[in-house]
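Quick note, the sequences are listed as chains H and V, same order.
Converting from the first sequence to our numbering requires adding 1011 to each position, the first position being numbered 1.
Converting from the second sequence to our numbering requires adding 1011 to each position, the first position being numbered 1.
I should point out that these hints are in silico values taken from the structure, not numbers from a laboratory.
Some hints could be false.
Since the list can't tell identical chains apart, any single copy or any two copies may satisfy a pair.
Claimed, not checked - Only pairs whose alpha carbons sit at most 27 Å apart, straight line, appear in this in silico DSS-like list of lysine-lysine:
1) Lys1245 to Lys1032
2) Lys1245 to Lys1191
3) Lys1245 to Lys1028
4) Lys1150 to Lys1304
5) Lys1150 to Lys1115
6) Lys1092 to Lys1032
All values derive from a computational prediction rather than experimental measurement.
Here are the chains, one letter per residue:
Protein chains: 2
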Amino acid sequence: MAREFELINFLFEPLSKGLAKDEVGIGDDGAVLNVPENHQLVVVTDTLVSGVHFPETTSSYNVAWKSVAVNLSDLAAMGAKPGFYNLALTVPDNNHSWLTGFAKGLSDIGDLYSMPLVGGDTTNGPLTITVTAHGWLPKGKAVLRSGAKEGDVICVTNCIGDGALGLMVAQDNLPEPVKKQILFADCQYLLDALNVPHPQLGLSEELYSFANSAIDISDGLLADVSHILEESNKTAVAENDLLVAVINVDDIPLSKVAQLYIDNTEDWLSLLAGGDDYQLCFTVSPENINLAKKIAKQAGIEISEIGSIVSYDELDKSNVSKSETVNDRVVLLKDGCEFLVDGAKGYMHF
Amino acid sequence: MAREFELINFLFEPLSKGLAKDEVGIGDDGAVLNVPENHQLVVVTDTLVSGVHFPETTSSYNVAWKSVAVNLSDLAAMGAKPGFYNLALTVPDNNHSWLTGFAKGLSDIGDLYSMPLVGGDTTNGPLTITVTAHGWLPKGKAVLRSGAKEGDVICVTNCIGDGALGLMVAQDNLPEPVKKQILFADCQYLLDALNVPHPQLGLSEELYSFANSAIDISDGLLADVSHILEESNKTAVAENDLLVAVINVDDIPLSKVAQLYIDNTEDWLSLLAGGDDYQLCFTVSPENINLAKKIAKQAGIEISEIGSIVSYDELDKSNVSKSETVNDRVVLLKDGCEFLVDGAKGYMHF
Chain H
1012 MAREFELINF LFEPLSKGLA KDEVGIGDDG AVLNVPENHQ LVVVTDTLVS GVHFPETTSS
1072 YNVAWKSVAV NLSDLAAMGA KPGFYNLALT VPDNNHSWLT GFAKGLSDIG DLYSMPLVGG
1132 DTTNGPLTIT VTAHGWLPKG KAVLRSGAKE GDVICVTNCI GDGALGLMVA QDNLPEPVKK
1192 QILFADCQYL LDALNVPHPQ LGLSEELYSF ANSAIDISDG LLADVSHILE ESNKTAVAEN
1252 DLLVAVINVD DIPLSKVAQL YIDNTEDWLS LLAGGDDYQL CFTVSPENIN LAKKIAKQAG
1312 IEISEIGSIV SYDELDKSNV SKSETVNDRV VLLKDGCEFL VDGAKGYMHF
Chain V
1012 MAREFELINF LFEPLSKGLA KDEVGIGDDG AVLNVPENHQ LVVVTDTLVS GVHFPETTSS
1072 YNVAWKSVAV NLSDLAAMGA KPGFYNLALT VPDNNHSWLT GFAKGLSDIG DLYSMPLVGG
1132 DTTNGPLTIT VTAHGWLPKG KAVLRSGAKE GDVICVTNCI GDGALGLMVA QDNLPEPVKK
1192 QILFADCQYL LDALNVPHPQ LGLSEELYSF ANSAIDISDG LLADVSHILE ESNKTAVAEN
1252 DLLVAVINVD DIPLSKVAQL YIDNTEDWLS LLAGGDDYQL CFTVSPENIN LAKKIAKQAG
1312 IEISEIGSIV SYDELDKSNV SKSETVNDRV VLLKDGCEFL VDGAKGYMHF
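Construct the entire structure; sequences and hints are all you get.
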């Protein structure tokens, strides 16, 4: 206990900076936080388990960064402004060098997004990190998964698939032809996409002004679009009212190195179902697409239109077979034809 | 993933009940919660690791109950009213019977204290449960560890040491003389104290009206009183201003079975440093002690005066040697004489 408190005091207490005088951070039974007027509280939780969510060789700096980043990405997808976070850290031992790197990772991402650490728990056990992040949004302005409408344009931010390729680099799993052509700098770029992702908070505070629904891409684009459909379809009464997503694979934004990977492998599955993107996927009604582009440009974020939300009924009138697709409710088109990606189920935790 | 979502939907989604229409629980990137006016938010986090914080044989029902209870106990110690909680559950496999028992434990304690589960994360790995609980308190009314004053009376709720004895029962570690005399019903009572503790929320909403400082007793009475002193002494400028706690061992409230244990063993260390009490320890100025007793009586909670907060300077004038005691800052008296408990450092996580 003495050592646990030392650790918390010396490494983590400085991360509590930025609180108001009448707020309480680390050091009591709980944190006490002020609440902005006319706002709602947004709470998100993500756990990273060593060997499951990141390779065991990942540096403690990167583990810390990513633990906070994945939660900020969830806040971004709700349209929330980051507030503060709690940390539950389970570590196998009291390794000061590991903990120092971990605290530095927390400090850097906390500073970048003005997120103080306000409390938590440090326990002994297999390496597991749970961050619960808190944000604020103007009352009633949450952007939910459930808001997708027929006719909506599906958009994503920046590039898709770099995190999944980063995992291949980390695990030395890149196919030989790609390995021969890839630059060292591109490997580093992919590893950074995997290990130190940047949540797309630049859009979040204005997300509600143009988006009908949103999700962050953590399980893989296909799975995450499915989640939007799943929630948006809960109010459907008849089968023909069900919403389906049609995505044009040719419109999916790829980095240069992801394009190199596709040119060599045609392995879209890894990029679309690999996960770890931490980009936003949102749907916008056509009349708001220009507003979305304008706001994204001001925020310095690229957005791409990759498809649309249609009704099952509409799909029926097209050339697309419904048999294979409706389970996933995501139809992929390439050169205008249906494109089947085997087992495109996204990341499976179990 | 599909199975993870099934699990969350079927077992955990019903636990989200009780939210308002404009609030969002499980099923999106994050939960969206309303905020009561003129209140502050209190956030607490506690992790339980299998084999570290509970024996591996503990039932999933009990693990679930305790995971929430220990956090509610922290809310109680801050004087906060429970709001809602998030759950990060890491499980080694997708065992439906285990998960069903776990969900029942969550459901029962959630219903008892009107705490909806609003979100979380389910991951695959060694059994680890992190609950982040949220409560509300009127602005500026938090009861902190740091508020103890010279002259304060130290009080505890109910009985001390039953949780520690419960662990002895669970691990079949009771000394032979006690084992021979203990009733089966008392063993069950002790196991319940360990596994299904009841947080002392009955006092929490009025705690600020009488208590200067408070903590919940999770690390053991001695360690937790030390935490109060540690925080309350941060503003001390000279050594003689430092606050010390003097506790009369004879005044510590014991259950019948704990008294039986002491009569046979005189092993106060296990009861005072064992932890897992989830009672409250608070300090009250003498003029408020009657108010405290009145409020506790109305809430059906026993409180006992077990000692007082004195200055180091005051201690100097007494018969108590300062050498051994000031490191821990807790002096134990028995029959008016100093009473040394070897290694009384509380529960050590590492």
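We went through each hint and held it up to the structure:
1. Lys1245 to Lys1032: between (45 Å within a copy, 16 Å between copies)
2. Lys1245 to Lys1191: Answer is neither: 48 Å inside a copy and 60 Å across each miss the 27 Å cutoff.
3. Lys1245 to Lys1028: between (42 Å within a copy, 17 Å between copies)
4. Lys1150 to Lys1304: within (25 Å within a copy, 41 Å between copies)
5. Lys1150 to Lys1115: neither (34 Å within a copy, 33 Å between copies)
6. Lys1092 to Lys1032: both (21 Å within a copy, 22 Å between copies)
The structure does not agree with the numbered hints 2, 5 stated previously, though it agrees with the rest.
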